[in-house]
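A.B. asks: From just these sequences and the hints, can you work out the full model?
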Amino acid sequence: MTVSNCSPHPRATELADEFKSWRHHLHTHPETAFEEKLTSAFLAEKLASFGLEVSTGMAKTGVIATLKGNKGNGKRIGLRADMDALDIHELTNLPYASKHPGKMHACGHDGHMTMLLGAAKILSEAPDFAGTVEFIFQPAEENEGGGREMVNEGLFESHPVDAIFGMHNWPGRDVGTMAMKAGPMMASYDIFEINIDGKGCHAAMPHLGRDPITATGQVLLALQTIAARNVNPLESAVISPTQIFGGDTWNVIPDTATIRGTVRTFSPAVQDLVEERLKAVAKSTAEAFGCSARVMYQRRYPATINSEAETAIARAAAIRVVGTDKVDPNPESSMASEDFAFMLNEKPGSYVLLGNGPTDGNCLLHNAAYDFNDEAIPYGVTYWITLVDEYLGAR
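Here my numbering is used: the first residue of the sequence shown is 127, the next is one more, and so on.
Derived from the structure by calculation, the hints contain no laboratory data. Be aware that one or more of the hints could be misleading.
Computed Cβ-Cβ distance ranges for the label pairs, DEER-style [claimed, not checked]: (1) Ser147 / Ala252: 20 to 30 angstroms; (2) Pro227 / Arg420: 33 to 43 angstroms; (3) Glu171 / Glu413: 53 to 63 angstroms; (4) His492 / Glu402: 22 to 32 angstroms; (5) Leu346 / Ser147: 42 to 52 angstroms; (6) Ala406 / Met331: 29 to 39 angstroms; (7) Glu279 / Gly177: 17 to 27 angstroms; (8) Asp323 / Glu501: 47 to 57 angstroms; (9) Ser147 / Glu458: 31 to 41 angstroms; (10) Met422 / Gly183: 27 to 37 angstroms; (11) Lys197 / Ala442: 14 to 24 angstroms; (12) Asp323 / Arg355: 22 to 32 angstroms; (13) His226 / Glu413: 39 to 49 angstroms.
Below are the SDA-like pairs computed for lysine to any residue, each with C-alpha atoms no more than 25 angstroms apart in a straight line [said to hold, decoys possible]: (14) Lys225 / Leu490; (15) Lys197 / Glu283; (16) Lys225 / Glu171; (17) Lys186 / Glu268; (18) Lys201 / Lys473; (19) Lys163 / Glu283.
Values in this document were obtained by computation on a predicted structure and should not be read as measured data. Think of the CB as a built atom: it goes at the ideal place given N, C-alpha and C, for glycine as much as any other residue.
C.D. replies: This is how it looks when you write it as structure tokens:
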């Protein structure tokens, strides 16, 4: 396998138009969590046409393809791309815009699939390495934990790997740049619901009831003291109430009010602390106003933590593709979350960022005006190919 330094792989450049057509097809037909049936069929058909061993049906719509090198046994590397779209009504007016109302590839998973599919095509043409590559297309990254489901269904038993790698496009970073570091790349993702129970009454006679609305306002404020006064200032925690509701009419103090929101942390210790304090603060504050609190706290995704050795390999591959000056070795950790973390909890690996270009025109992740930048595809394809070359030691 020959990989050029500091430029896209020649075949990635030659096949750029074909790869772009794949991406546009996937963008036109977005499917959300565990419903990626058309997407799964498209991927499986392409992968089979490359001569790969293809497995479907894990986590309902996941697709896994296996490529064995022609130089015998060796290490096993897993490469993962996410498949699902978001519940967003697209506003790009592009000729390949979503044909599924209310569904959109607004996070670039169409590009992620295309880049891994392109790497599978090129690597299958000349698998000049010792070892095995597992191309893992994972459903339901957005909110529903498809990565967790694949792990629970035996992903690494049926398709064992020594290390696992992921990649995400990043608007605001130039095309042809990459970023990665060992340690936390993305935060954990927890959700909570606090139900404040009081005693409903006439709004003109609040003294006859126990007002959950007033208690809810105080709980809302008190929650922010957790990050400010309980978490070490050198650590990070974000507690974001995102929904507040209670009552149905003007002149009735309701029996119950509700706060919902999310918690983001990088450290399991901080995660434990925030959960403990959130429950205590909600209950004690509600009691101070004559009410009670019922707290639901659910841990959705763990933090995405890159391992040292594998990140060094990922960095070496990135440098070969874009050059040392185009690789950020210490990007700011993001408080967003990623269910690739479930795979990293099982296997060492690294999750890297690929520049998607400017954010002009609201080209932001999870925005109705977002579109994956096709100019980034050859770089992503080449990174995967080069990473296999680095990891499996084929020169």
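A.B. asks: Each hint should be assessed against the structure and marked as holding or not.
C.D. replies: Against the structure, the hints come out as follows:
no.: 1; hint: Ser147 / Ala252: 20 to 30 angstroms; result: holds, 23 angstroms
no.: 2; hint: Pro227 / Arg420: 33 to 43 angstroms; result: holds, 37 angstroms
no.: 3; hint: Glu171 / Glu413: 53 to 63 angstroms; result: holds, 60 angstroms
no.: 4; hint: His492 / Glu402: 22 to 32 angstroms; result: holds, 30 angstroms
no.: 5; hint: Leu346 / Ser147: 42 to 52 angstroms; result: holds, 49 angstroms
no.: 6; hint: Ala406 / Met331: 29 to 39 angstroms; result: holds, 32 angstroms
no.: 7; hint: Glu279 / Gly177: 17 to 27 angstroms; result: holds, 26 angstroms
no.: 8; hint: Asp323 / Glu501: 47 to 57 angstroms; result: holds, 55 angstroms
no.: 9; hint: Ser147 / Glu458: 31 to 41 angstroms; result: holds, 35 angstroms
no.: 10; hint: Met422 / Gly183: 27 to 37 angstroms; result: holds, 32 angstroms
no.: 11; hint: Lys197 / Ala442: 14 to 24 angstroms; result: holds, 21 angstroms
no.: 12; hint: Asp323 / Arg355: 22 to 32 angstroms; result: holds, 26 angstroms
no.: 13; hint: His226 / Glu413: 39 to 49 angstroms; result: holds, 48 angstroms
no.: 14; hint: Lys225 / Leu490; result: holds, 21 angstroms
no.: 15; hint: Lys197 / Glu283; result: holds, 24 angstroms
no.: 16; hint: Lys225 / Glu171; result: holds, 21 angstroms
no.: 17; hint: Lys186 / Glu268; result: holds, 15 angstroms
no.: 18; hint: Lys201 / Lys473; result: holds, 13 angstroms
no.: 19; hint: Lys163 / Glu283; result: holds, 24 angstroms
Every hint, counting from the list given before, is met by this structure.
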